[in-house]
Every structure is written in structure tokens, then in C-alpha cells.
Amino acid sequence: MASTPETEGQKPKHRPIVRIGIFIIAHSFIVSVVCCTAGVLALLLLPVLAKKTYVSENALMPGSAIPMITDQDVSGANNFINELTSLNLKSQSLNIEIPRLIALHMANLGGEVSYHMFQNQPNKFHPLHFFTSTDTEANNVNQTCESYATNTVGIIRAPRGDGKESIVLVTPYNPVNLSPNETLSLGIAYSVFSLLTQVSWLAKDIIWLAADSQYGQYNSVAAWLKDYHTPSFGGFGKLHDDECHISNDIATEVSDTLRRAGTMAAALVIKVANTGEAGEQDALNIYAEASNGQMPNLDLINVVSYLAVHGQGLRVQVDKLVSLLDSTWLKFIGEVFETVGKIARSVNPQWKFGISVKEYVEGSATLVSSLYNQALGVPTGSHGAFRDYQVDAITMEISPKLFSNSKGRQTELFRGGRLVEGVIRSVNNLLEKFHQSFFLYLLTSSNKFVSVGVYMIAFLLLVAPLPVLAASLFSDTIKSYVESEKNEPFKSWRWLYPTKTVFLVHLWGAIVSLLPYFIYQIPDSQPTSRLLIWASLSLFILFVLGSFFRARSAEWALLKSVTVSSAFIGLCLMSVINFATAEIGALLLVPMCLMTKPWRVAGKVQSALNLVLVIIGFPGATFFVVKSVFGFENGSSLVEFWYWVESLWAWNSATYIYICMVHLPCWVLCIYILLHPC
Amino acid sequence: MRNREINNFLSRSILTTLLVITLSLSSSSITHAAVHTNNWAVLVCTSRFWFNYRHMANTLSLYRTVKRLGIPDERIILMLADDMACNARNKYPAQVFNNENHRLNLYGDNVEVDYRGYEVTVENFLRVLTGRHENAVPRSKRLLSDEGSHILLYMTGHGGDEFLKFQDSEELQSHDLADAVKQMKEKRRFKELLIMVDTCQAATLFSQLQSPGVLAIGSSMKGENSYSHHLDSDVGVSVVDRFTFYTLAFFERLNMYDNASLSSLFSSFNPNLLMSTAYYRTDLYQEQVEQVPVTNFFGSVMKTIHTDSAYRATSGKDNSRVKYDVTSSQSDDVDTRRMTSSDPGKQVDHPDIKLVKGGGCPHADWWNAIVEKFQGIKNGDMIVNYGLVGMLTLVAVSTWQSS
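Protein sequence lines, in the order shown, are assigned to chains A and B. Using the working numbering, you'd call the opening residue of the first sequence number 62 and step up by one each time. Using the working numbering, you'd call the opening residue of the second sequence number 280 and step up by one each time.
Calculated from the structure, these hints are not laboratory results. Note that the coordinates shown come from a computational prediction; the quantities given were computed from them, not determined experimentally. Check each hint, because a few of them may be wrong.
[As the list claims (entries may be wrong)] Quick list of simulated restraints, FRET-style, between CB atoms:
id : chain 1 : residue 1 : chain 2 : residue 2 : range
1  : B       : SER419    : A       : MET517    : 40 to 48 Å
2  : B       : TYR506    : A       : LEU521    : 36 to 44 Å
3  : A       : ILE404    : B       : TYR506    : 51 to 59 Å
4  : B       : GLU398    : A       : ALA334    : 48 to 56 Å
5  : A       : ARG221    : B       : LEU423    : 57 to 65 Å
The beta-carbon is built from N, C-alpha and C at its ideal position, and this holds for glycine as well.
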């Protein structure tokens with residue numbers, strides 16, 4: 062009654078947010094182009110946007126105390142190294158003699174010593190145990206004494222501490238083939254241990270784990286950590302035969318039951334690099350990436366790099382992609398950013414986002430390496446084992462110039478000892494777990510980082526076009542139906558047909574990801590043949606699935622719409638699990654999904670572009686392209702790809718799941734759309 | 280008839296005297312401000328954790344200083360939010376230092392901590408100030424000050440704009456502090472109060488104060504940080520804050536009998552050394568800070584007067600004629616020592632001195648006894664009421680007699 066004919070004739074006016082949505086969907090092409098460009102640009106800008114690191118936790122106070130390590134500690138360590146070296150030359154059964162020598166020295170210094178015996182557990186693919194640790198299927202087949210490796214664990218109880226927390230020092234060494242670097246790292250740990258048995262300021266217990274790395278550095282630490290965190294009843298020693306025990310002359314001092322200290326506040330893996338680089342100073346390499354791109358708290362890296370730079374005058378470096386350092390296009394981008402920064406500064410001196418070309422190139426090389434290591438989801442060292450137990454850990458690799466003569470060795474011992482002592486004293490001041498600083502970050506140099514709030518923008522810009530495009534395609538097809546006036550029921554439910562196709566392809570992806578488990582059951586097969594079996598089986602299953610559920614060929618637009626939506630969901634889920642994987646995946650997947658179009662509909666140029674994108678988008682092809690561009694390793698055989706994939710599932714990397722269950726199905730669907738008979 | 284007249288006269292005279300006495304009593308209790316009788320100190324360290332070592336060292340340094348300058352332990356309320364001395368990280372177990380030279384252990388034998396650890400809360404702090412305690416709280420943990428007390432309130436910790444953080448979990452806001460001080464004033468718990476705060480933006484904590492007799496010193500202005508003075512690289516922590524360090528440096532030069540004034544303390548703070556601007560709020564304080572010795576708050580030393588004649592010094596109110604001999608050294612003649620307030624017009628006997636004083640004029644003794652008795656009576660209204668009841672009965676008796 063109240064409404065006049067004029068208002069009835071008008072369309073109901075939507076709320077502003079709905080109108081903005083409609084506007085964006087209507088201009089989906091421009092939005093896609095702008096967002097994708099902005100996303101890539103934001104990624105390139107990350108080295109410029111990186112912030113300086115700072116020690117966020119007040120309690121840490123790195124460097125506030127002077128190092129107390131004395132000549133006595135160092136000369137003791139020197140003697141220890143000499144003994145190890147002479148033993149290495151003389152003795153036969155080194156894998157028993159060296160742990161015994163270490164245990165003897167630990168006990169003499171005043172630590173509580175125990176052995177930890179473990180067996181090698183080969184990495185196997187357990188599809189049902191993904192993300193969970195494999196349970197102890199004790200490999201009882203060849204249980205000889207030789208098959209056991211022995212970690213030696215020394216514990217210093219904090220004299221006035223409550224014994225509820227501890228700090229772990231790890232020195233991996235290979236008793237079968239003890240290298241001088243490993244003896245030096247053992248010596249550094251010895252000097253620190255020797256000091257810490259005497260000090261009165263410990264609030265956390267100190268655990269020195271001399272990890273027997275004959276079955277791999279990671280495995281030894283992981284085995285010890287697992288036993289440390291598994292409550293055992295009746296003693297650990299019962300697991301083994303009695304004759305396997307190391308007969309100890311130091312009698313009661315060394316126990317075979319696993320001794321524990323408190324929960325671990327932090328862990329430091331001490332290593333000495335093989336060859337010093339040609340730099341002026343000694344360098345310290347920091348490795349931090351753990352499984353699935355998890356990083357230790359940034360504060361731990363900050364403390365180590367602060368103490369190394371300001372305390373010991375070391376040059377701290379994190380892993381970077383050396384081949385990128387002299388790439389011309391990166392230099393060109395760097396120059397562009399530099400000039401933009403200069404112009405901005407001339408406009409307003411307050412704006413300081415300029416960065417020199419050299420800085421930019423180095424930052425990008427480090428960033429790419431950081432992204433790659435996180436995306437791979439494989440830990441970069443034995444510190445990764447700690448992250449699985451939510452313990453912050455890093456590997457400190459000291460690369461000295463030379464230490465062949467004993468004097469050089471002495472200074473290295475002093476330097477390394479002081480550094481480790483400083484870090485321990487700083488962590489000792491900690492009251493809670495590391496929590497104050499970032500856990501989600503990318504490093505662009507040892508003292509610069511990009512936090513999650515910044516790098517997420519690049520990713521979000523990159524994936525933002527996907528839902529827009531999906532909505533636009535969907536609304537266009539629905540509109541065309543309405544216009545064509547076909548008298549079909551359930552017009553608005555038509556998207557269910559392509560959804561079925563997409564679901565089937567994703568199901569196929571899940572099956573493909575499980576196939577390697579069965580391939581491993583085939584005895585004595587070569588990697589190449591395994592790979593071929595995998596590929597052919599996958600193709601076969603795809604055809605079977607396709608023929609059984611012969612989907613009526615839906616409109617390509619709707620199919621693309623659903624594909625794009627599923628890609629969007631997959632990428633967003635992955636960005637929560639492992640950002641770096643999602644970022645790299647989005648770089649490959651988003652252009653492919655956005656561009657794909659049946660070759661009959663699209664023009665020649667677009668079809669060619671689509672073809673290139675699809676070829677690059679195949680995981681195997683990507684692997685080879687990336688390798689040849691960045692020069693990771695030489696050789697481009699199929700074997701290497703197999704090993705790469707094998708390492709992914711061996712390390713329980715979520716990247717493997719992503720590739721099989723998001724990337725590969727989307728790639729197949731893109732090909733399907735490309736070949737769609739319109 | 281005659282009897283009756285005498286009775287009449289008697290009753291009237293008694294009435295008038297009673298009236299006069301009650302009137303004079305009530306007026307004196309209002310106009311006569313209390314005189315300085317004793318000194319109290321409330322020293323608060325509000326922050327926990329090992330890296331806040333310096334706050335405990337600050338407080339313990341102040342504790343040592345006020346004890347050295349004469350405030351006894353039973354009049355110091357010491358609140359320490361954490362126990363650095365027994366922290367496992369302390370390289371020197373059971374010792375606390377405020378200087379890297381480690382000459383002075385602040386945590387020696389004679390430290391009485393009244394509130395420690397998690398007892399140091401905003402609630403307990405306000406209870407101490409206002410005196411509203413649970414019944415079970417022992418006297419040693421109470422601030423038993425009176426209207427003649429000078430109180431030093433020293434606080435240190437982490438603060439910000441109009442707040443001071445307690446225990447990393449709660450905070451004291453400036454209006455909480457102002458309210459507590461106002462309650463103290465109403466309850467006549469102090470005569471003069473010096474609030475000294477060493478924290479970031481300390482000046483903001485005083486913005487709400489209104490009560491007269493309050494003097495406030497803060498280590499920094501609004502928007503400024505207060506910094507630590509130096510790092511003890513042996514213990515591995517900063518051991519003292521700048522403001523407190525220079526306050527202590529000022530007091531180390533003093534002994535119990537020095538006459539350094541509050542203004543000299545104020546002027547001793549050098550903004551360049553402090554790296555912040557010390558703030559003084561004196562508008563609520565009636566006295567001239569140039570004339571008030573620091574020992575009025577930081578010690579327990581009151582002016583001692585050596586008089587040749589005990590009689591003249593005690594002979595009543597016209598003691599403005601008496602020549603004072605203010606001694607700055609320990610008086611050897613204890614018998615003739617008398618304590619007076621800084622205001623010569625208002626004078627009272629110190630109760631301890633009373634007993635040893637002898638051989639004065641009987642009239643003066645009698646008068647003093649009355650004065651003391653009346654000053655002992657706090658409840659003026661009750662006396663007036665009793666007086667009125669007494670008057671009524673007298674009137675009744677006298678009328679009954681006369682009739």
C-alpha cells in the first residue's frame with residue numbers, strides 16, 4: 062500500500078559491501094591481472110621490506126655477562142682432542158672406544174653420564190602414519206651389537222635450580238670415521254661443559270649429547286629425543302642384550318638407563334665446517350629450518366648472531382642461493398628499487414625504504430633459499446628433530462679459517478667456547494619458553510627478517526583472483542542459461558556435475574600419493590623403474606576412474622570455476638601448514654588456473670601460453686626447470702627426481718601431500734579444460 | 280538561703296569551667312596540627328624476574344640508607360616482589376649488590392622483608408598505606424603511623440603513563456595512589472608524606488594527588504624513560520637505576536646529623552647523568568623545601584634542643600623567647616633533651632623524655648600534665664556530650680537544692 066509504483070519498479074538496492082563484490086566480479090579480468098602483478102611485485106619487494114632483527118625477550122640479556130671460560134677449560138679440551146685423535150689412529154672398535162672415552166671425560170668433569178643405545182631405523186613410507194612418528198617396530202632381524210649406535214649423554218645438574226628445565230648441546234660425530242672437524246666440535250662442547258660444571262649461576266640443567274651419527278646426524282638425535290620423551294618403565298637397558306653393553310672401566314659412574322633432566326628450553330647443535338671460506342673473518346653459519354618449514358623462535362637466532370657478531374667478531378651468515386648472486390635480472394630489479402628509493406628520499410627525506418643493489422641481491426638470494434628450505438619441509442640439520450618436540454633449536458656451524466696448528470685450534474676453542482657459553486648463559490636467564498619473538502618469518506640476512514604479517518600480503522594478493530574468477534565464471538554461465546531459456550530443471554545446481562569431476566580427480570590424487578607404499582613392496586627395484594611404475598599406475602588409475610564414472614561433459618566454464626575454487630581452498634589450507642610451499646605453489650598454480658581455456662575457444666597466443674604454463678606446472682618439469690635455472694645440483698636424471706620425492710615422504714613433508722593432492726589434480730584438470738571439446 | 284547561694288555559685292562556676300575546658304579542648308584539637316613525632320618508610324620493589332635485579336637492589340639500597348640514617352627496622356615496611364638473592368641465576372648466592380665493585384652486600388644479616396614474592400600486590404600495598412588489614416596481619420607488617428608521622432614512600436619497578444606495574448600481572452594507577460593517600464590523610468596517618476618513585480614516566484603517577492602535606496619526587500617526566508646506571512658483567516645484569524644511584528650518591532655523603540635540605544637533594548639530580556628529568560611536586564607541601572632537612576624523611580632525626588634551664592624551656596607557650604641551641608651532634612646531656620617540632624609555636628613533650636625530666640616548677644608540671652591528658656583525649660565530641668549531661672544533672676541538682 063505504502064509503496065508507490067516508482068519504487069516498485071526499481072531494483073532493490075543492495076548493501077555497499079554486496080555492490081562492491083558485484084563490481085569486482087564484473088571486472089574480474091582487471092582484478093586478476095592487477096592482483097597477480099601486485100602479488101609478484103610484493104614478493105620481489107620482500108627484501109626491501111625486511112626489518113632488522115632485535116632481541117625481543119627482555120629476560121635474555123645476551124652479552125650482559127663476560128665469558129668466564131678459562132685457559133684451563135681450553136687446555137683440557139685440547140688434551141681431550143689429542144686423546145680422541147690418537148685413539149682414532151690406534152684403536153679398532155672405534156664405535157665403542159670413542160663413546161667410552163667421551164663418557165670417561167664427562168664423568169671426570171663431574172657430569173652425570175649415561176649411554177643411549179639405539180638402532181638404525183630406515184626411513185620408510187608409512188601412509189597411515191603421516192605426521193606422526195613411526196612407532197617402535199623394533200627391527201629384530203639383525204640385532205647384533207654392531208648394529209647399535211651409542212649416544213653419550215652428560216648432564217650437569219644446576220646447583221640451585223629446580224631441575225625442571227634444561228639446555229641441550231649436541232655434537233654429532235661419526236665414530237667410524239672421526240674427522241678433525243668433529244673432534245674440534247667435541248672439544249668446544251668439552252670446554253663449555255668443563256666450565257659449566259664449576260659455575261654457580263645455572264638455573265637450568267645442561268645436557269651434552271655426543272650424538273653417534275653413523276646412521277645419520279638427524280637419526281641419532283631423533284632416537285635420543287624419542288626415548289627421552291617416552292616414559293619407560295623398568296629401565297631402558299632391558300631392551301638390549303647384556304653383551305651389547307659397553308663394558309665400562311669407570312664402573313658405576315656410567316649408567317645405561319636413560320638419564321633425564323628437565324624439559325628442554327633450547328638446543329644448540331655445534332658443528333665445525335670442513336673448510337673455511339676465503340673471507341677475512343671466521344664465519345658462523347646458522348641453520349634453523351625444521352620439518353615442514355617450522356622455524357625456531359627468532360629470538361634464539363638473534364641471541365646467537367648478536368653474540369657471534371658483537372662478542373666474538375664472527376661473520377654470521379645464513380644459507381643463501383649462491384647462483385642468484387650474479388643474476389642480471391635480479392640486479393636490474395635491485396637497481397630499479399634503488400632508484401625508486403632515491404627518488405622517494407629526494408621527495409621526502411623521511412622515507413627510507415631505499416636499499417642498495419648489493420643488499421637487495423643478497424637479500425633475495427637468502428630469501429629464496431629460506432623459502433626453498435621451508436617449502437621443502439626437510440630439516441636442514443639435526444636441530445630439526447627438536448622442533449618435533451616444540452623445542453627451539455638451531456645448528457651453529459663455525460667455519461674457521463684454519464686450525465691445523467695447535468695455536469689456531471686453541472683460539473677456535475676459545476672463540477667457540479665463549480660463544481656457546483654466552484648463548485647458554487643468555488638462555489639460562491630465560492623464565493619461560495621462547496615465545497616473545499616470531500615463529501613465522503623468512504630471513505633475508507642473518508639480521509634481517511620478513512615477518513608473517515608482511516609476507517602473507519604477497520600470498521593473499523596472488524590467490525585473491527581465484528575466488529573472484531570462480532564467481533565471475535559461475536555467474537556468467539548462470540546468466541547465459543537464463544537468457545537461453547532452456548527448460549531444464551535444477552538450473553542452479555548445474556555446478557554439481559563439474560564438481561563430481563573435480564572430486565574424482567582429487568580422489569585420484571589421493572590414491573597417487575599412496576601408491577609409493579605399494580611400490581616399495583616390490584623387492585629389488587631400481588629407482589627409475591619405481592618411478593615408471595608409479596607414473597604408469599597413476600595414468601592407468603586415472604583412465605579407469607574416467608571411464609567408470611563417465612561424467613557427462615559439463616560446460617568448461619563451470620568446470621574451470623570449480624577447479625579454481627578447489628585450487629583456492631587447497632592453497633589457503635597449505636598456507637596455514639607451510640607458507641613457503643603455498644607461496645611457491647601459488648606462483649605456479651595461479652597463472653595456470655587463471656589462464657586455462659579450451660584451445661578451440663582461445664586464441665593461438667593464449668593457447669601457446671597455456672601450453673607453456675601447463676608444461677612448467679607439472680611437478681617433475683618444475684623440478685628440472687628450477688634445478689637448471691638455479692643450479693641446485695648437476696645431472697637431470699629421473700633418479701634424482703625419485704630421490705627428491707622419496708626424501709619428501711621420508712621426512713613426512715606436507716609438501717608431498719600438497720603436490721599429490723592439490724597441485725597434481727589441479728594440473729590434470731587444467732589439461733582437461735585445455736583439451737575440452739566445446 | 281546562704282547555703283543555696285553558695286550552691287548556686289558553685290554550680291555556676293563548675294559549669295563555666297567545664298564549658299571553657301571543653302571549648303578550649305575542642306578548639307585546640309582542630310587548630311593544633313600534630314607535630315612530627317616519628318618516621319616511617321615504605322619501600323616497595325614491584326617487579327619480579329631475574330632481569331629486574333636492579334629494582335630489588337634499588338629498594339635494598341634505600342632500605343640500607345634509611346636504616347643508616349636512623350629509621351628503625353620496625354618502622355620500615357619493606358616489600359620485595361622477588362627474591363634475587365636466592366635466584367639460581369645469582370652468581371653470588373644470598374647476596375645482592377648495587378655496584379659492580381661488590382663492596383657492599385645489601386642482603387646481609389639485618390634485612391627484614393615484610394612482604395615478599397607474591398605478597399607484593401596492589402591490594403596489599405593499598406592495605407599497608409590505608410591500614411585496613413585483616414585481623415591476622417601481625418603488627419610488624421602494618422604501617423602504624425599517626426598524625427605526627429613523616430612517611431617516606433619509595434617505589435621502583437616498571438611503569439608507564441599513570442601506572443606502575445606490580446608483579447607483571449597488575450598495576451597501580453595514579454588515582455589508586457591518590458585515593459590511598461587521601462584516605463591516609465583523612466585517617467590522620469601522616470603529617471608529611473614523601474613519595475619517591477623510580478620508574479619510567481614516574482611524574483605521571485603523581486598527577487591525581489590532592490592531599491596536603493604530600494611531596495613527590497619522580498625519576499622522569501611524562502614520555503621519558505628511566506634508565507639503569509650500569510651493568511655488572513660478573514652477575515650479568517644491571518644492578519642499579521640511575522635515579523636511585525644518584526640519590527644514594529647524595530645520601531652516602533650525609534650522616535645522621537647533617538642538615539642537607541630537600542632542595543639540595545632535588546638540585547643534586549643532573550638530567551644529563553640521569554638521562555631523564557627528575558620531577559618534583561611541591562605544591563601540596565606547606566613547608567619550604569629549602570629549609571626542610573632530608574633527614575625529616577630519610578632518617579629519624581628530629582631537632583634536639585639543648586637548654587640550660589629546664590624550667591624556661593618548659594614553662595608554657597611563650598617559648599618563642601627561649602633561645603634554641605639546635606645541636607647537630609649527639610647531645611651528651613640526655614636529661615635535658617627535648618624534642619620539638621620544626622614549628623616553634625607548637626610544642627609537645629616527647630613521651631620518652633617525660634619520665635626523665637624532673638625538678639621543674641610544680642605549676643608547670645601540673646599544667647603540662649593537664650595539657651597532656653587533654654591531648655591524650657582524642658574524642659572531643661564525647662567530652663562535649665558528657666559535659667552537657669553533667670551540666671544537666673548539675674542544673675537538676677541545683678534547682679532541686681534551691682527549691
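Tested hints:
1. With their beta carbons about 58 Å apart, SER419(B) and MET517(A) fall outside the hinted range of 40 to 48 Å.
2. Remark: the range hint 36 to 44 Å for TYR506(B) to LEU521(A) is upheld by a beta-carbon distance near 42 Å.
3. Under the hint 51 to 59 Å, the C-beta atoms of ILE404(A) and TYR506(B), about 39 Å apart, miss the expected range.
4. Between GLU398(B) and ALA334(A) the C-beta distance comes to about 53 Å, which sits within the given range of 48 to 56 Å.
5. Between ARG221(A) and LEU423(B) the beta carbons are some 37 Å apart, a value that contradicts the proposed interval 57 to 65 Å.
The structure does not agree with the numbered hints 1, 3 and 5 stated previously, though it agrees with the rest.
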